[in-house]
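Undergrad: Grab the two chains, each in its own frame, and use the hints to assemble them into the complex.
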Amino acid sequence: GENVEQHPSTLSVQEGDSAVIKCTYSDSASNYFPWYKQELGKGPQLIIDIRSNVGEKKDQRIAVTLNKTAKHFSLHITETQPEDSAVYFCAAIGQGGGSYIPTFGRGTSLIVHP
Amino acid sequence: NAGVTQTPKFQVLKTGQSMTLQCAQDMNHNSMYWYRQDPGMGLRLIYYSASEGTTDKGEVPNGYNVSRLNKREFSLRLESAAPSQTSVYFCASTGRGDEQYFGPGTRLTVT
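In order, the protein sequence lines correspond to chains A and B. In case it helps, our numbering puts the first sequence at residues 1 to 114. In case it helps, our numbering puts the second sequence at residues 115 to 225.
Since the hints were made in silico from the structure, they are not lab data.
Label pairs and their in silico Cβ distance ranges: (1) A:Leu46 <-> B:Ser165: 15 to 25 Å; (2) A:Glu15 <-> B:Gln131: 43 to 53 Å; (3) B:Arg210 <-> A:Glu5: 25 to 35 Å; (4) B:Arg191 <-> A:Glu5: 31 to 41 Å; (5) B:Pro122 <-> A:Gly1: 31 to 41 Å.
These figures come from a predicted structure and were not determined experimentally. Even glycine gets a Cβ: it sits at the ideal position worked out from N, Cα and C.
Same shape as in the complex, but just chain B (with noise of 0.2 Å):
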């Protein structure tokens, strides 16, 4: 039982690069997240997915879209990458419980 995996674990991109984050959990979990971290700035709420088939908005969506693939999996999108999205990015998986479980974290760095 692994648990929520995320890939990369690390990326470089160059400004108006593309690339997509994957999320994978394996806990029959409903609903998805995807977070950025900040330094002092908590955890922010990019986008998440209540079921399989629905997503929404979170607090920063602008520069992002997401994807649920299936119940197990999540993608985040950034189509034109700026160096204000150089950030650390959680997904994150709730059960029935409210218990979240998160991944390890993809740090990003645009330059």
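Chain A extracted, bound-state conformation (with noise of 0.2 Å):
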């Protein structure tokens, strides 16, 4: 099955700084790529995500890129602000055999001091 690692999974950041969260994967046939963030006390929501025939996608601050031959993806975060302090987690989905069944990676506690 598939397998996701995210790292670090703590960030600590100054306000206005940019932050880079990682995540590979080792299931070549994953072609979906959500990214969630999570505040204290509810549930995750998808902010950004992927498909496997795209490298980049960006919506204003935040980007994400795509590696498919090194199998890796990443989160970037420019000129970061305190209520960007969420956890963030990162996901990869392959739909075989018609199943959308996502696998998450542990999550990144990311804090951005003022």
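TA: Have a look at this one:
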């Protein structure tokens, strides 16, 4: 089955700095890679995603890059703000057999200091 | 449009008690999921339902049962709760676009 490794587990930055979270996956059949943000006491919320036919995707201050050859993808947050503080999860999904079963990384706790 | 809703938000059980966690979605999604979240472990899939009338085991199904009552509702039952089932439980659903939407979670403590 798929295995997703996520690093770092904790990331502390100053407001205005950039933050990068990296994930690797094992199954070359995975073709969809979403990122979720989970604020304290809430459920995960999709913030950006990328499919295997695209190398990079941006949405304002966040971007995701995908390297299919190396089987890794990364989340980039620029000009971080205190409200970016949360736990971020990556996931990898293949659609073999018609089932949509995400495999999640263990999460990165991002702390943005004012 | 409420998205994915879960009840209850909090629950305390004694070892051996049973309970059912309720989940409903109003987005007409075919697939629904139950996850548990423990510190440092990320989200682990308990059971999922690819479509109305079908259910399948995920990574950690032991001690749980599920029912896909109709297209909107997917419940998770603990028949005999154990302290190891203390966790936060999330329900989720997925539509055609692969985007997964999560509920607010149920925080369960088993003493």
